[in-house]
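Peer 1: Line by line, the protein sequences are chains A and B.
When we follow our numbering, the leftmost residue of the first sequence carries the number 105, and every step to the right adds one.
When we follow our numbering, the leftmost residue of the second sequence carries the number 105, and every step to the right adds one.
Calculated from the structure, these hints are not laboratory results.
Since the structure is predicted, the reported quantities are computational estimates derived from the model, not experimental observations.
No residue lacks a Cβ here, since even glycine has one placed at the ideal position from N, Cα and C.
Worth double-checking, as some hints may not be accurate.
Cut-off 25 Å, straight-line C-alpha distance, at most; resulting in silico cross-link-like pairs (BS3-like, lysine-lysine) [to be verified]:
no. : chain 1 : residue 1 : chain 2 : residue 2
1   : A       : 362       : B       : 215
2   : B       : 215       : A       : 371
3   : A       : 290       : B       : 352
4   : B       : 352       : B       : 222
5   : A       : 348       : A       : 371
6   : B       : 362       : B       : 215
Chain B residues, not near chain A, derived (Cβ > 12 Å throughout) [what the hints assert, rightly or not]:
no. : residue
7   : 176
8   : 194
9   : 236
10  : 239
11  : 298
12  : 363
Protein chains: 2
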Amino acid sequence: MAIRKYLPQAHVRIWARRESAAEDVKRRELAAIASTDVRTVCDGADLVILCTPVATMAEQAKEILAASLADNCVITDVGSVKGSVVNALDPVFANASAAFIGSHPMAGSEKAGLDAAKVDLFDGKTCILTPTLFTRDAALAKARAFWQSIQCRLLEMSPDEHDHNVARISHMPHLTAAAVTIAALKNDPGATQCVGNGFRNTTRIAAGDPGLWSGIVWENRDEIIAAVRSARDGMSELLAMLEKVDEKGLRRFLDEAKSLRDQVPDKV
Amino acid sequence: MAIRKYLPQAHVRIWARRESAAEDVKRRELAAIASTDVRTVCDGADLVILCTPVATMAEQAKEILAASLADNCVITDVGSVKGSVVNALDPVFANASAAFIGSHPMAGSEKAGLDAAKVDLFDGKTCILTPTLFTRDAALAKARAFWQSIQCRLLEMSPDEHDHNVARISHMPHLTAAAVTIAALKNDPGATQCVGNGFRNTTRIAAGDPGLWSGIVWENRDEIIAAVRSARDGMSELLAMLEKVDEKGLRRFLDEAKSLRDQVPDKV
Chain A
105 MAIRKYLPQA HVRIWARRES AAEDVKRREL AAIASTDVRT VCDGADLVIL
155 CTPVATMAEQ AKEILAASLA DNCVITDVGS VKGSVVNALD PVFANASAAF
205 IGSHPMAGSE KAGLDAAKVD LFDGKTCILT PTLFTRDAAL AKARAFWQSI
255 QCRLLEMSPD EHDHNVARIS HMPHLTAAAV TIAALKNDPG ATQCVGNGFR
305 NTTRIAAGDP GLWSGIVWEN RDEIIAAVRS ARDGMSELLA MLEKVDEKGL
355 RRFLDEAKSL RDQVPDKV
Chain B
105 MAIRKYLPQA HVRIWARRES AAEDVKRREL AAIASTDVRT VCDGADLVIL
155 CTPVATMAEQ AKEILAASLA DNCVITDVGS VKGSVVNALD PVFANASAAF
205 IGSHPMAGSE KAGLDAAKVD LFDGKTCILT PTLFTRDAAL AKARAFWQSI
255 QCRLLEMSPD EHDHNVARIS HMPHLTAAAV TIAALKNDPG ATQCVGNGFR
305 NTTRIAAGDP GLWSGIVWEN RDEIIAAVRS ARDGMSELLA MLEKVDEKGL
355 RRFLDEAKSL RDQVPDKV
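With the hints as extra help, turn the sequences into a complete structure.
Peer 2: And the structure:
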């Protein structure tokens with residue numbers, strides 16, 4: 105939807121795993137061609153965007169390379185993990201005429217499926233590009249131009265730096281939101297009737313797709329363990345302060361959280 | 105603002121601790137009278153709403169009872185904790201002609217001050233009323249009618265049940281959001297540039313006023329300790345699953361969180 109709005113001259117094709125999903129794409133007129141066949145979709149393509157679960161991307165890339173891609177075709181992805189994806193894909197492209205560059209547009213929600221699609225999903229959102237020593241300049245330039253054209257703000261960093269940061273500001277908060285939801289509601293479904301918007305916002309992402317999220321977790325396990333441990337240890341320190349009525353300690357904890365949170369730029 | 109919109113015939117007076125705050129109320133024409141003097145504001149009142157920190161409410165109530173209140177005056181409050189407030193206030197009103205009933209409108213945000221005031225703040229939000237054996241029927245009826253007139257949805261439960269539920273769906277999630285913010289950003293302010301709307305929503309309430317929140321925490325300490333311990337233990341179990349690559353356990357954890365979160369009614 106965003107490509108059709110911002111790049112109306114683009115010829116868009118969509119690959120889907122299931123025939124019914126390809127039919128749905130056709131019904132919604134989201135693409136000139138929608139198919140479950142990789143060659144039907146990729147023959148002649150000059151930009152391919154992998155939007156499948158991260159663990160499947162290397163195999164997908166090999167199938168795509170077997171199609172008759174356009175000269176200078178660039179392949180990128182939208183995976184939430186970059187180290188494992190880029191490490192798996194860089195070698196696949198070592199001798200290919202097509203080039204790969206990792207991308208992570210930080211856009212989306214807890215919802216899944218075409219009904220949740222929004223034309224302005226990418227407007228003003230951050231897209232992290234993760235070039236490596238193997239990345240070709242032309243691939244980086246084409247990926248930059250593409251994400252900017254659909255209104256993303258760009259950041260560039262190494263795949264490992266990406267995974268470190270995103271474990272802290274996305275993956276760990278997701279798992280914590282799940283832990284909060286369970287602790288709040290598990291033995292106490294009556295609490296559900298009392299929830300306000302604070303709880304709704306704090307736990308919104310816990311409604312995300314468990315299959316997608318467990319895939320992400322195992323691909324970025326080490327960084328996520330470090331971040332979850334840090335949050336868990338913070339909760340243990342907090343608990344100790346509550347138990348010994350450490351008023352100064354609690355106040356320092358709340359002051360520090362507010363001061364860090366106040367530095368987060370507002371929603372765009 | 106909501107009273108002026110939905111109860112335009114009401115004569116509204118506002119008490120403020122600081123002269124400058126009373127002046128600000130006058131400048132914004134939010135009340136017929138704004139003053140730092142309790143009698144100036146409360147003489148003749150038939151409904152008084154305590155909006156000061158919970159620990160100050162009993163003293164405030166005594167000062168208010170010394171004013172010349174209208175016959176059948178009802179006093180209520182907006183405190184986020186009800187057990188300690190109601191326990192402190194019920195005896196104050198034992199021999200008074202005015203009557204007390206505890207209220208907790210679950211509306212607000214991480215923001216403070218008149219600039220954050222919104223006329224539709226209460227629209228469709230839940231207000232929990234906490235009657236006790238000492239509550240007079242007329243007080244409950246007047247409080248119900250008032251909150252409904254400014255568009256709140258009502259729930260009624262005992263002060264202890266309120267504190268139990270709200271510790272789980274508000275106070276603990278607040279403290280967890282603070283722990284997540286610190287764990288994500290403390291040694292890593294560079295992660296700030298990567299944040300998306302998931303992090304913004306999950307940690308929004310961590311920007312709340314530390315003074316207000318530490319007051320709430322100490323007034324509802326026992327229930328909060330139980331809820332924080334439950335969340336902390338959930339994080340420890342999660343960490344163990346990540347460390348031993350327990351794929352089934354993680355999937356169960358994410359499935360359970362999604363299924364509980366999906367039962368939360370949507371924002372109104």
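Peer 1: Look at each hint and say if it fits the structure.
Peer 2: Hint check results:
1. A:362 to B:215: It holds: about 11 Å lies between the C-alpha atoms, which stays within 25 Å.
2. B:215 to A:371: Holds, at about 15 Å.
3. A:290 to B:352: holds, 19 Å
4. B:352 to B:222: violated, 46 Å
5. A:348 to A:371: violated, 38 Å
6. B:362 to B:215: Violated, at roughly 29 Å.
7. 176: Correct as stated: the minimum Cβ-Cβ distance to chain A is 30 Å, above 12 Å.
8. 194: holds, 22 Å
9. 236: holds, 18 Å
10. 239: holds, 19 Å
11. 298: Given that some Cβ of chain A is not farther than 12 Å from that of residue 298 of chain B, nearest at about 5 Å, it is violated.
12. 363: violated, 9 Å
Comparing the model with each numbered hint stated earlier shows that hints 4, 5, 6, 11, 12 do not hold.
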